[in-house]
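Q: Sequences and hints are given; from them, build the entire structure.
Read off the chains here:
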Amino acid sequence: MTTPVVGWTEQIARARLHVVTGKGGTGKSTVAGALALALAHGGRRVLLIEVEGRQGIAQLFDTPPLPYSEEKVASAPGGGEVRALHVDVEAALLEYLSMFYNLGFAGRTLRKMGAIEFATTLAPGLRDVLLTGKIKECVTRTDDSGRHAYDAVVVDAPPTGRIVKFLDVTKAMADLAKVGPIKGQSDGVVRLLHSGDTAVHLVTLLEEMPVRETVEAVEELDGADLRPGAILLNRVRPPRLPARSVTAAADGRVDASRVRAGLEAAGLALAADDLDGLVEETVEHAIRVQAEQRARVQLAEVDLPAVELPDLVDGVDTGALYELAEVLVDQGVR
Amino acid sequence: MSTLDVDALIDDPATQVIVCCGSGGVGKTTTAAALAVRAAERGRKTVVLTIDPARRLAQALGLAELGNVPKQVSVEGFEPSGALSAMMLDMRRTFDDMVLAHAGEKRAAEVLANPFYRTISSSFSGTQEYMAMEKLGQLAAEGSWDLIVVDTPPSRSALDFLDAPQRLSTALDGRMIKLLTGPARAGGWGLRKVVSAGFGLFAKAVSTIVGGQLLADASAFVQAFDGMFGGFRERARKTYELLRSDGTAFVVVAAPEPDALREASYFVERLAAESMPLSGLVVNRTHPVLAKLPAAKALAAADALETGGEAPLAAAVLRLHADRVALAQRERRLVTRFTKAHPGVALAHVPAMAADVHDLAGLREIGDRLAGT
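Heads up: the sequence lines are chains A and B, in that order. Under our numbering, think of the first position of the first sequence as 1, with each following residue one higher. Under our numbering, think of the first position of the second sequence as 1, with each following residue one higher.
Simulated from the structure, these hints should not be mistaken for laboratory data. Just so you know, nobody snuck in bad clues.
Computed far set for chain B versus chain A, every beta-carbon distance over 10 Å:
1. G43
2. A140
3. G143
4. A236
5. S275
6. V335
7. A341
8. V357
9. A371
Ranges between beta-carbon positions, derived for each pair:
10. B:S144 with A:E323: 54 to 60 Å
11. B:A109 with A:D197: 45 to 51 Å
12. B:P343 with A:D144: 56 to 62 Å
13. B:G231 with A:Q11: 56 to 62 Å
14. A:Q11 with B:A354: 37 to 43 Å
15. B:R333 with A:A149: 39 to 45 Å
16. B:K297 with A:P77: 33 to 39 Å
17. B:A354 with A:R147: 51 to 57 Å
18. B:S81 with A:R296: 41 to 47 Å
19. A:A320 with B:A109: 55 to 61 Å
20. A:A224 with B:S144: 43 to 49 Å
21. A:M209 with B:A326: 22 to 28 Å
22. B:T339 with A:P77: 35 to 41 Å
23. A:A149 with B:P258: 29 to 35 Å
Below are the DSS-like pairs computed for lysine-lysine, each with C-alpha atoms no more than 27 Å apart in a straight line:
24. A:K183 with A:K171
25. B:K204 with A:K171
26. B:K238 with B:K45
27. B:K204 with A:K183
28. B:K71 with B:K238
29. A:K165 with A:K183
Ideal Cβ positions, reconstructed from N, Cα and C, are used throughout, including at glycine.
A: See the structure below:
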């Protein structure tokens, strides 16, 4: 019983905007970074955007905190590159306003007074409209020859609980003015987010709560006519026990004498305490493996393509990010 | 590195409030519940304020539904020598109650019906934090308990609940909305001259973007709210003082993961800066090694067994043990990094439970692990 791993479909490969969401603690930012690197393989230009103000990209790629501009953070094999942008709502609002009004130096003072935070408090939807507006601008930007500035844009998006609200710009606009420049801009954003150019990927661990949230988020995305892309199974650990032993072991039935005999055959003589310890570790492992199997069954219900990333015991540094990108490329990410 | 003595903390009659904080997903709510159960069984009259418990945890406490007042926990097999009440925070009702308490009936009705109030009271990002602190203040003022254990909202950052009241104050205190709706009338504002030209444009731009109706609602809200504001701020200040008092103990909860420990570091530094009393760090869901067998030796033996095609169970046990040793090493390394930066912080390690906690026995077990017994 495993999720059918069909990898990266043609349809997903055609998307230019990859939105990455997931429950908090599932490694969403890490996976977004690895995905950006994977997409940059073979000479492509990729922009990685972060919208939650935590400077996770800078930590991931070991660079100084990102300013509000597109900075190169990594090179990919084959001449590709990843740039990163940290979108700050206040900066985005000021940038937006300055397209229509000349605020001059008052902008900075307004910010200091909290006026901008107040404006986004007044209309919570404004925040998301500004962020998605900036994302759309990056996706559709072209150079003089008409070529897209980026081959792909990856967004480290808000967590599953808030993702539909974030992307459902039509609803957010209900709060806002029905006419004027922001309305015109948001119509374009809506078109992009609901088109085949956009795929919303869901990062999850093989654990009960993240999987439940993933299933709920997929339903919500479908309901809002947004397009779920792939399930990105993160931190997958190898099952060690023979499949037939899992159920018994999870119930606490581990044949200690058989383990002891096996260890002795390998020349290991353990104290009784240590043998008990090994048995307990085995029971805990089996309980976890069972929970993972249940999680896979539940995930299979959503019927989306899936790719897997291994658990890296030493944690994720920039080098490990390349390793994860490689794993994604091997599973067809392009 | 010292050990956090959980029993000494909960037994001390001087400990009146325990605040469990940390980033989301680290097991704060469960830790708070386990501490409360343990304190009650050790004789304290305890109340636990949970924010957003998983359904099964709520059931373990006999909290079938969201109630905004503490309810005595009566679960079979639970006869504490002290007492335990539990409640889940209902953010909207706490806010409504606050408005009702501070405004006359007519004005309260106006505020409660205002669309802008509905936005602020249900979806402003700091409201939950603010209301959790408000509720803590109420419970403390009531004086019915000798220990209050508080869970903090599942915010992204552990610091949010300290900053939220200030953020909400800024949003509610009316100066900004007066500037937006009629900058010319907002006299006495020092910055006004400097920015008035820019501000006029800004106000115009904002109203173009958010629409006139919303601004009108907000303005009506602020006018109705004006008189209440002093009371709100005064209460927030009192709760802040309570948090800084000697009877309060902060327990920071973190999973042995880089992000959670980084947040824990920020939090520890922030508490120090605010002179708030930190008791220690709970490193939650660790995976200690249970058998003294080095990973390299286990792997070599597993290789040998697999080559010979014998004893597949023993080989699997050796491999999963080696995985566990590696995981334990990683966790230890991460925790060491934290203790190097904060050598004075006492620690308690709570080994992971094999399955989710869904009953009193599970909470007791976590309590035992917290106390190291």
